[in-house]
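Chain H is fixed; fit chain V onto it per the hints.
The listed protein sequences correspond, in order, to chains H and V.
The numbers in the numbering used here rise by one with no breaks, and the one at position 84 of the first sequence is 84.
To get the numbering used here, take the position in the second sequence, counting from 1, and add 1000.
Because the hints were derived from the structure by calculation, they are not lab data.
Be careful, since some hints might not be right.
[Unchecked claim] In silico DSS-like links for lysine-lysine, alpha-carbon gap of 30 Å or less:
| id | chain 1 | residue 1 | chain 2 | residue 2 |
| --- | --- | --- | --- | --- |
| 1 | H | 85 | H | 13 |
| 2 | H | 104 | V | 1060 |
| 3 | V | 1060 | H | 85 |
| 4 | H | 104 | H | 13 |
| 5 | H | 85 | H | 104 |
| 6 | V | 1082 | V | 1060 |
Please read these numbers as outputs of a predicted model, since none were measured by experiment.
Now for the letters of each chain:
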Amino acid sequence: MPYPEELVTPMRKELTDHGVTELKSATEVEDFLSTDETSLVIVNSVCGCAAGGARPGAALAIQSETRPARVGTVFAGQDVEATQKARDFCAQVPPSSPSMALFKGSELVWFLPRHMIEGRDPQSIAFDLVQAFEEHCSSTAS
Amino acid sequence: MGTFHDHMGELHGITVVVRQLDGNTWIGRCHSEDSVEVILHDADQHVSQESDESPEDWLKRARQMGHWPRVSTVRVPRERVKVLVRLSDVTNGGELPAS
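One chain only, chain H, in its complex shape (with noise of 0.2 Å):
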């Protein structure tokens, strides 16, 4: 069941504050990966022991030099058509939430599950973040 969206929308603002697009359904999904580019999706959520470092530490990576063409969200219990679409872009990735998606077009090249945000501070998270932009985002976004 859906949380009340005035207690989600902040949780949103975090990342779109930021210049991430939000992504609510299937179709904005597809488009969104419909492209030769990199793209990392944000898999949010609104849990407090994983998002809550999640959306500052994305926020902070994406400021890097080297970041993807592309940063897209999509919030898990909320958007549900537009997170499971996202989810059938990572077909042998078992589902967590938060979690990030890095893709070079529509395949996936790097995945970082909850458990590996969990109880972690934002800079760490951005720092795994980077280090991923750097191994697969060849170009400087403008």
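Okay, now just chain V, sitting in the frame of chain H:
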């Protein structure tokens, strides 16, 4: 920002590995743990005698990508628990750290 349940203990909400004395292993999101039992949500189990995969390979894979949530809730009696650790503390080779 988020929902926090600090009164539930430090492992509440954390993905953990429970190795039983019989060698079988659970992975799940810890709800609570005390002297009576460990309660896990969204859990998966490796049964040594039934699996073609070694527990180390199973844990290695879970550490890299996560685990499949096959069982909604499981209660593991404390007297059956040999090791309880965070999944993130499992080594890259899938070995459990000293608990």
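So, going through the hints one by one against the coordinates:
1. H/85 x H/13: 22 Å, holds
2. H/104 x V/1060: Holds, at roughly 25 Å.
3. V/1060 x H/85: Holds, because 27 Å separates the two Cα atoms, which is no more than 30 Å.
4. H/104 x H/13: 26 Å, holds
5. H/85 x H/104: 17 Å, holds
6. V/1082 x V/1060: 19 Å, holds
Consistency with the previously given hints is maintained throughout, with no hint failing.
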